[in-house]
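Trainee: Based on the hints, put chains B and C in the right spot on chain A.
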Amino acid sequence: MSNQESSSQGISRRKFLGASAATAGLSVASGVSLISVAEAKPLDTAISSDQRWGMLIDTNKCATGCTSCVDACNTENGLNTGDEQLSRQSQKAQWIRKVELRDKTTGHEVSLPLMCQHCENPPCVDVCPTGASFKREDGVVLVDKHICIGCRYCMMACPYKARSFIHEELLNQVEDVPRGKGTVESCTLCVHRIDEDTNNRRDPACAEACNTAGHKAMVFGDMKDTNSEISKQLKKHSSKAIRADLKLNPGVRYRGI
Amino acid sequence: MKYLRMLLAMITIVLTSTIVMAEVPSPTIPKGNAEKCVKPTGEMRVNHMNYILHQRDETMYDGIRTEQFSFKKCINCHTVKDEAGKVVTYKDERHFCNSCHTYAAVKIDCFDCHASTPNSRNKASTAGGKH
Amino acid sequence: MKKINYLEIEGRSKGFWTLLGTLGAITLAGIAAFFYMEHSGHHVTGMDNQIVWGMPHVFAVFLIVAASGALNVASIGTVFGKAIYKPLGRLSTLMAIALLAGGLMVLVLDLGRPDRLVIAMTYYNFKSIFAWNIILYNGFFAVTIVYIWMMMEKKMVGYYRPAGIVAFIWRLILTTGTGSIFGFIVARSAYDAAIMAPMFIIMSFSFGLAIFLLVLMLGYQWTERPLGDAIVKRLKNLLGVFVAAVLYFSLAYHLTNLYATEHHDVEKFILAGDSIHTTLFWVMQILIGGIIPLAIIYSKLSKSRTWLGLATLLIIVGGLAQMYVIIIGGQAFPLDIFPGMEIVSSSFADASSYHAYNPSTPEIILGVSGIAVAMLIITMGVRILKFMPLTLADKDVDPHNKG
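Protein chains in written order, with this note's numbering: chain A, 1 to 257; chain B, 1001 to 1131; chain C, 2001 to 2403.
Simulated from the structure, these hints should not be mistaken for lab results.
These numbers come from a predicted model, not from an experiment.
Check each hint, because a few of them may be wrong.
[As the list claims (entries may be wrong)] Simulated DEER-style distance windows between Cβ atoms:
#1 C:2198 with A:89: 37 to 43 Å
#2 B:1052 with C:2172: 42 to 48 Å
#3 C:2117 with B:1016: 23 to 29 Å
#4 B:1026 with C:2156: 57 to 63 Å
#5 C:2313 with A:86: 36 to 42 Å
Here a beta-carbon is modelled for each residue, glycine too, at the ideal position from N, C-alpha and C.
Isolated chain A, as found in the complex (with noise of 0.2 Å):
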């Protein structure tokens, strides 16, 4: 991406994007996102509030019974994939679930994952004694285990009840995604991924599941950058935070509640 210094920035990413248009029926089919980042960062420089991630959520293409989301985090973050045989179900972690809702007055019916809104206000931050629940400067919420002392305060705080906490010892943890016992963990935006080389940044998993089965519900990007394909849809179509009275201003946004 050298070509796109300063000066001649809009004419290239016309080009680029003219030219992935073609691509983007493949790309989007084999899972890899379209990417519209400008500059792409080095892997060894630090990230920076320049970038803001977040996910925007379709609940109109969310299918009801569907699951595939919540399969991909599992197995990408090694979620009850055998490693919690002696904790009961309510004590197992779950990063990201399924919600299905009804209107009580309407009876209109809804489907959503919920995990982790990664706001901008956490009150989960705002609450840990230790400072282990944390900002990272590109919006993505994140438990620092080395210092996380489980007390389960900011699982109380919580609005959205996205924390889980691990019952029991660990053996099997993927080597990117670090677990263990007696600490609090939740949706990491894959953060695994978003630090991987720029140009080869993939989406989180559920993200990426869902595009692979074709629902297409979930965006995944840099909401600061007026480029990039969440931008456009969050300027475009009408979406709203759960919990929105709380002011938050989370970084994942549904269309349809």
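Mentor: This is chains B and C only, laid out in the frame that chain A set:
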């Protein structure tokens, strides 16, 4: 009295030299899989805990995951296989970290959370940077 | 004002050793329970991802709240200058330390990673009330130990009152911090209320004094030292006021929630639901913990020490139930993530009307051992140092008594 003192001195010398000359077992530390480590061996031996402690913050807070900062890559290189050819986990005494840490009696809790063996998922990964 | 003689208790009787042995055994059982839970992980407990704080927290928060209230008696003597309370100052401060130690022990032992306590004391996120509480709880130990030193050291008698004032203010901040743990949570319908902090303050007054009165009566009865009616009557009347105040705060909290339509679901769950929380609220918290003790205290029955002891016991049990309803009830009720919508299905327990919690034996043992540790510290304290006045008979302590 003079002879008693001489006897005591001789016993002391014999005992001390026996202790000093006795074999103190050294730990056998298995070699890693690559040509060399990200830093020279001597430096690693002395400072690896400081590197790990510092670099984990760079990864967590700044998102830097290049080879020198990646714990996963340390583990992927420093594998030890058992007789059957399977890579041993930290529960086994032959695990790379245990080979010295058990000897030095310094407990580590890295593997409470981190995978102690290479463990990528069974899907083919498309991103660069993995072994 | 006659000079007060403090003396260690004899501590040689069979009863003393039996008490020590029993408390020691319960403490050991608690430690064993801790080892079991920490080694296996929390899967052996009744806690899960919906009810994240269980029985250990009920006991721990109760003890921490009571600790702050137990110091009240000393404060009334020192800060507010009421002569008749002055002899009780040392015992009150000892109890505060003991109850806090017991509560904190249970709280820390239930952490997911208790081995990281040093991290908790060195990494601080000052926006978290928990982080402030860590400083407040540790500081409370320092403040009360200094306070006791001032009380017991003749040379320090000039600093006695300033130390008492510092201790008094410190514990008000501490209890506000404890109540705010719940008050600051916006996510849950039962919390997120400014009244939580003052309600915890008033609960601390009631529970702390109840425990103080009970331990005082038992302590003097078992050591066969005289305890006059003048002091007991004063403490009893004060306790009655505090119990009534707790009932009032409960009323204010629920009435406010009942007014707001958005809180109707959680109020229905607590006040008129079909779970254990409704029973605990009406029968244990209000009736057994509030109305019956008030009836005992303000009737002729209170002249009997036995009836009074029963009243304090009921208040303590009611207080534990109140903590259970607040802590567990607040978690059992599902989060109101989609107002106006009904959750047809979810794999993370969002759908049920409430989440059941079945405490496991190790959790309960750990919680109870907190009380045992507190009582152990008090028993050893009065045996080793001069905490208990030799006599609290009317003629010796009552400034109005001519005898």
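Trainee: Does each hint hold? Answer for all of them.
Mentor: Do the hints match the structure? See the list:
Residue 2198 of chain C and residue 89 of chain A have their C-beta atoms about 39 Å apart, which keeps the hinted 37 to 43 Å range intact. Checking the proposed 42 to 48 Å range against residue 1052 of chain B and residue 2172 of chain C shows it holds: the Cβ atoms sit about 44 Å from each other. Between residue 2117 of chain C and residue 1016 of chain B the beta carbon distance is about 43 Å. The supplied range of 23 to 29 Å is therefore violated. Here the CB-CB span from residue 1026 of chain B to residue 2156 of chain C is close to 59 Å, well matched to the stated 57 to 63 Å.
At about 39 Å, the CB distance of residue 2313 of chain C to residue 86 of chain A agrees with the hint of 36 to 42 Å.
This entry does not satisfy hint 3, going by the numbered hints stated previously; all others are met.
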